[in-house]
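*Asks:* The residues making up each chain are set out below.
6 protein chains.
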Amino acid sequence: MTEAKAVADVLVQALPYIQRFRGDAIVVKFGGNAVVDPVLAARLAEDVVLMHSVGIRPVVVHGGGPQITELMTRLGIATEFKDGHRITDGESLEITRMVLVGKVNREIVSLINRHGPVAVGVSGQDADLLLASERHPELGFVGDVEAVNPHIINRLLADDFVPVVSTIGTDTAGQAYNINADAVAGALAVALGAAKVVYLTDVEGLHEDLEDPTTLIRQTTVPELERLVEKGAIGTGMIPKVAACIHAIHNGVHSAHMLNGATPHAVLIELFTDEGIGTMITQS
Amino acid sequence: MTEAKAVADVLVQALPYIQRFRGDAIVVKFGGNAVVDPVLAARLAEDVVLMHSVGIRPVVVHGGGPQITELMTRLGIATEFKDGHRITDGESLEITRMVLVGKVNREIVSLINRHGPVAVGVSGQDADLLLASERHPELGFVGDVEAVNPHIINRLLADDFVPVVSTIGTDTAGQAYNINADAVAGALAVALGAAKVVYLTDVEGLHEDLEDPTTLIRQTTVPELERLVEKGAIGTGMIPKVAACIHAIHNGVHSAHMLNGATPHAVLIELFTDEGIGTMITQS
Amino acid sequence: MTEAKAVADVLVQALPYIQRFRGDAIVVKFGGNAVVDPVLAARLAEDVVLMHSVGIRPVVVHGGGPQITELMTRLGIATEFKDGHRITDGESLEITRMVLVGKVNREIVSLINRHGPVAVGVSGQDADLLLASERHPELGFVGDVEAVNPHIINRLLADDFVPVVSTIGTDTAGQAYNINADAVAGALAVALGAAKVVYLTDVEGLHEDLEDPTTLIRQTTVPELERLVEKGAIGTGMIPKVAACIHAIHNGVHSAHMLNGATPHAVLIELFTDEGIGTMITQS
Amino acid sequence: MTEAKAVADVLVQALPYIQRFRGDAIVVKFGGNAVVDPVLAARLAEDVVLMHSVGIRPVVVHGGGPQITELMTRLGIATEFKDGHRITDGESLEITRMVLVGKVNREIVSLINRHGPVAVGVSGQDADLLLASERHPELGFVGDVEAVNPHIINRLLADDFVPVVSTIGTDTAGQAYNINADAVAGALAVALGAAKVVYLTDVEGLHEDLEDPTTLIRQTTVPELERLVEKGAIGTGMIPKVAACIHAIHNGVHSAHMLNGATPHAVLIELFTDEGIGTMITQS
Amino acid sequence: MTEAKAVADVLVQALPYIQRFRGDAIVVKFGGNAVVDPVLAARLAEDVVLMHSVGIRPVVVHGGGPQITELMTRLGIATEFKDGHRITDGESLEITRMVLVGKVNREIVSLINRHGPVAVGVSGQDADLLLASERHPELGFVGDVEAVNPHIINRLLADDFVPVVSTIGTDTAGQAYNINADAVAGALAVALGAAKVVYLTDVEGLHEDLEDPTTLIRQTTVPELERLVEKGAIGTGMIPKVAACIHAIHNGVHSAHMLNGATPHAVLIELFTDEGIGTMITQS
Amino acid sequence: MTEAKAVADVLVQALPYIQRFRGDAIVVKFGGNAVVDPVLAARLAEDVVLMHSVGIRPVVVHGGGPQITELMTRLGIATEFKDGHRITDGESLEITRMVLVGKVNREIVSLINRHGPVAVGVSGQDADLLLASERHPELGFVGDVEAVNPHIINRLLADDFVPVVSTIGTDTAGQAYNINADAVAGALAVALGAAKVVYLTDVEGLHEDLEDPTTLIRQTTVPELERLVEKGAIGTGMIPKVAACIHAIHNGVHSAHMLNGATPHAVLIELFTDEGIGTMITQS
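Residue numbers (my numbering), protein chains in the order written: chain A, 1 to 284; chain B, 1 to 284; chain C, 1 to 284; chain D, 1 to 284; chain E, 1 to 284; chain F, 1 to 284.
Treat the hints as calculated values from the structure; they're not laboratory data.
Since this is a predicted model, take the numbers as computed values, not measurements.
Hints should not be assumed to be uniformly reliable.
Only some residues are given here: those of chain E computed to face chain D with a beta carbon under 8 Å [claimed, not checked]:
| # | residue |
| --- | --- |
| 1 | 117 |
| 2 | 123 |
| 3 | 152 |
| 4 | 170 |
All residues carry an ideal CB built from backbone N, CA and C; glycine is no exception.
The shape of chain A in the complex, shown without the other chains (with noise of 0.2 Å):
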């Protein structure tokens, strides 16, 4: 009866957060870390067919670097960074694209496949839905997000399917660009009106002083976030995570979340529970 008693709960610890959700939309970012580990991803995917059971409306958007860096490094194919962005030339960009939407995308929707019919690949190139544009001339084919066109991922909402989206977007003249899958995430976000965007990260969140593991922070605004950021306390590789959670969030999209990926269940932690986890970021 004991276990009895926890199942009624949690569950009933959770009601009013599935009452708060139930229709939203919540777009899930998910690391390329996250898919290499074959138990976290099946977690990962667990959780993201839980949210859409309860009506919830999950869209996950991947990256996948460490996956395209063996691919190059099978094919010989000397990977070069500037500014935190592999330099992608026509080669490299065709590598890119077979790894996220070939590779990446596919063991993500097969995941959560395995609960049932409802995971569909989608990619930028499809129905137009990231307009990309040229980065820097030095950067070749890396693109930021121009415009999302989300009719694609409405449709697939509306017909009860969960979109995992890879992240290669196309320039006006049709020329296939690699996005950062940070910013996408954001920018989707935005464009569905979606109630969160949850970034799946290999730390525990953000932290007052990044040398101190003990200062997490739990909660915070954008102008607290701001103030972090001049001040230096953002490790560089947040730095895109937080200026695409910035731009959500002014742009209507109600919460951002940093979670480690790797704790177990951690979305769930954070949507189900009065706890939470990670570091939440509001608008003020």
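The hints should help you fit chains B, C, D, E and F onto chain A, whose structure is shown.
*Replies:* Positioned in the frame of chain A, the structure of chains B, C, D, E and F alone reads:
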């Protein structure tokens, strides 16, 4: 983190059940006792709201014996029973109807609506939901279910409401009758194509040996149940419930359940855990 | 053939009114007296069914003062009035609710459903239809209409049902209150965008001179009515009705009507003849 | 108040009929004579509008013999009849079509639309409503109903319009034919699943003895009617109507009616009074 | 293979136009002459069917001057014109209506329906499509477009039909009027939010110099057109068309076109080739 | 004007085919070669867009043999074939999936979307589109079509998108398989109730005598085809296509076609001209 782990475990365990029952109608019969105890009643309301929140379509059917007796007593009217049925003359019927529709139903609706504006009270006379026929001339206005016209319930479910049903029906001449709520729950489950009918009683379930609480039957089938009835192992109070269960399962309801309404959140435990609780009855 | 000619004349005279009101919601307030007399009540039910049959969307709101008093008396509870309001403690509220929802509402629903399964009883607590606020601490659970949430009524009308409304509302803390049915009728007419609100009273309508029945006012305007109130030409019992009418018309209801509920089929005569009956109030 | 009482009586008497026919298609055949007399025609239009207003779906089918003859005469073209059919060459067909579609149909549409923008003229060639076949080589372009394609009528009814049908059909080669309007009314009633087909003629109905007006048959059945045809009690002019009625009833139309179109508002009296008028024919 | 290459070239050239106009309403005005020549008329019908088949929503508006004159002559009625308008008494109006609605409209409907059951004739009196006002007392029943009520056309388009419109309207008193078809085409294009209005005339288009066929204007703007009118370069017969074009474009129609209806498939060439044909008029 | 005449001729010839196929699904199988040649591929994309523009619902299925071999070679992996199937171990499967889903599919989607945002890539694992079963243990992850779940394709078609399908399926245990694209095209045509399945190959069609190009079969039937297979007149490469065609036609697809994908716009010529191109196969 122990807490978080429990959350994950419970929700992940619940996932396949949420998926399985999404969109299904489930009829839950509350006994009059359940509503007398305010703590119990509040918990039952919570269970119903949770079912609704995860996409199940719960329909509540309630009795109200103790409450009827109480008002009868206050009005100085003697209650006479015959074969377990309250002999019901015109005045008693009016009192019965006032108590069921105007008191018990109202209390359940109020408790559910604390969580959101979803519950709507319905009586068997609304839109001719329950067609009654006289059970026996000596019993007066005690009726049997002659037919169910589920149109109003189907419309309310389609509009995402939770119907709470009082079991006063009407015969073809427009005369009202009090109908046994156990029988209504089963007949309504059939008419709605419900997946389950769940009876909240004041015992743990059915027992192999009525006298021995250690003989609780966790799972049984209709043929087995008919054997138990024959051998006299079903208590008098359970007979109408058992008959209604058999009727429901013969007519397409997947399973029927007897739970102890006094166990906190018994419905949630039954629906969303692998172990379940109480007695489950299936076809074979 | 004389008979046939009469049929033709009546129907052809009714035609433009049927066309004009097709699809419109019309709120009809039944006083408690109307329901006490079974012949009168049956006729009113017929009028409502006829409105429904020609494509109007009638909504019935009812009171029940005499019936409440009767049960209070039988239970030996003294009724005390203050400024025309029944002082209502917890026990009185429970009795009031039982009588309104479990007796008066039921009788109206039954009478209408003799003609077909269209009436559905609704109380102000169903789906949070009526949000109440305390009128005055000394009055106990006597409420004012704080807000109307017409969703459940709109859904029932869209599904071609006739809602019959009891006027028990709830405050934000979930406490029930008894609300004046005249006020609810007006507020509901506003919330539904109704074309008319019709009050069935026990007098012919409003009079220029309260003492002189020959001074019946057939048609008047809100400003004129305000003049009458000021000059004291409105009887005490009519004051809440008049206030509700003025409120309704100021908020978009086209006309309000006072009819004698004892005149056979007064509603039909008002709606479907050139002459009309009783007093009609319009904006200007 | 006498007046008011009459209103009540008529409307209450009409109520069950309004309820019964709500949503039903009813085909009304106007003879050419009906439209020649402007007072009569205006009344018929009123009857159709009233049917429409109370939720019935009337479909008007019209002839136009006298009007065709008149234009033929003005153009100096001799009309020759054979077996009651006008021998129709190419020129006659063109004149017939102009008169039916461009004159008679227009007049009926105009009369109905005085009460609101609901009537829409349709000819058998619109959207291939009527597929015709040649009746007899000697008759020229006189057609029989080969098939009805009711799609355009069903769409107009679904959009709440009143179709007014001229009976020019087309054969599979695209050749136009004039089809007997009595036959079309019956065939259309079948194709629409109409509840009734009503023929407005210039006599009171069918008679047991053609010569004796006191022998009017108020109600009869298909077998009885076949007996009357055999015994020669049906006048020549009524034969196509009777055949169409029998066909319609054999194919699911509930009843067929012969009324005197000159009786003011005969259709209303037939539809909305207990007595009815003229002759009603049912299956058995 | 030469043939095949031509097919490919034409279809691929047509592709962007098909994409651009998909779902758009386009109003095509047929002059009376167009319908007099059966080969021409059949080709025009084909063009309309092709537009419909590729997802455009064509609406045909037609005149019928020569056909009206012909029947007037056969009936020995003299036709008098004033300022280019036929003076129209009651008898002439009836003849005009018979010819337009019962003959010309019918012929167009028949020609279109040879390709499938899509065309439906509509006159301005159906569902009060065209509200007319008297143009000038001396002209009799010659009307101007007072207002367009496009409900019936919108419903027919939504149901995938091709409306063919005769231009007889009604004033508020129910009196019919003959309205200039050029004016109706423009006004209808505005009311439907059409992309284009196309006039099929008996000349190649507008000319810079009326006397010099080599000065055909391929493309012009409203201001330029107003300059041409002022300088007298528009022939009398073209004046109403030009006025209707200017009105249409000022009210949101994207372009207006004047084509020679005698050029085989002029409409297709205009719509589906890069070169176009005739004169195109745009805003600026 | 010669040009204009050609336009008219082509479009008018195409008309009946556009009408016939409007709303029909047509499956078009692109071979891997088709996509290797950029000019060819761009033309095929144009053909697909044109089909979509005139209301047909094209579904593209593609292979990618040459592209798979190329990446395998670059990665230094030897490709071994058995009975025409590539022996596929885990690593080969991953490469196959990357190439099909992440490269070939992407290129087709991009080419189509140059004309508008309509193409959406789908793989057989999305929403469990293709259920696979192992073909033969020695072949590794080479699958047969066990079942098609066309829900995702039907939804995309209903939303007016053009699905582009890669043929990686999943077995019931979640293991991915590479399935022959010819077989998928036929099975998908059956599951969608498609009107046609069209194979773009590198030959003109089927031949009576494999060695003699002058013996091209323009039209044949399933029994005749079975005779050809028996007599050995079908080349090895065509065998799976022929089997898929026979399967498709036996299961309700109206016709199957073999065209030379190198003929410019072969699909348009087949669909929209009287002559057609290549080999057409029908039931009998």
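*Asks:* If a hint holds in the structure, say so; if it doesn't, say that too.
*Replies:* Taking the hints in turn, this is what the structure says about them:
1. 117: holds, 4 Å
2. 123: holds, 6 Å
3. 152: It holds, given that the least Cβ distance between residue 152 of chain E and chain D is near 6 Å, below 8 Å.
4. 170: holds, 7 Å
In terms of the numbered hints stated before, the structure departs from none.
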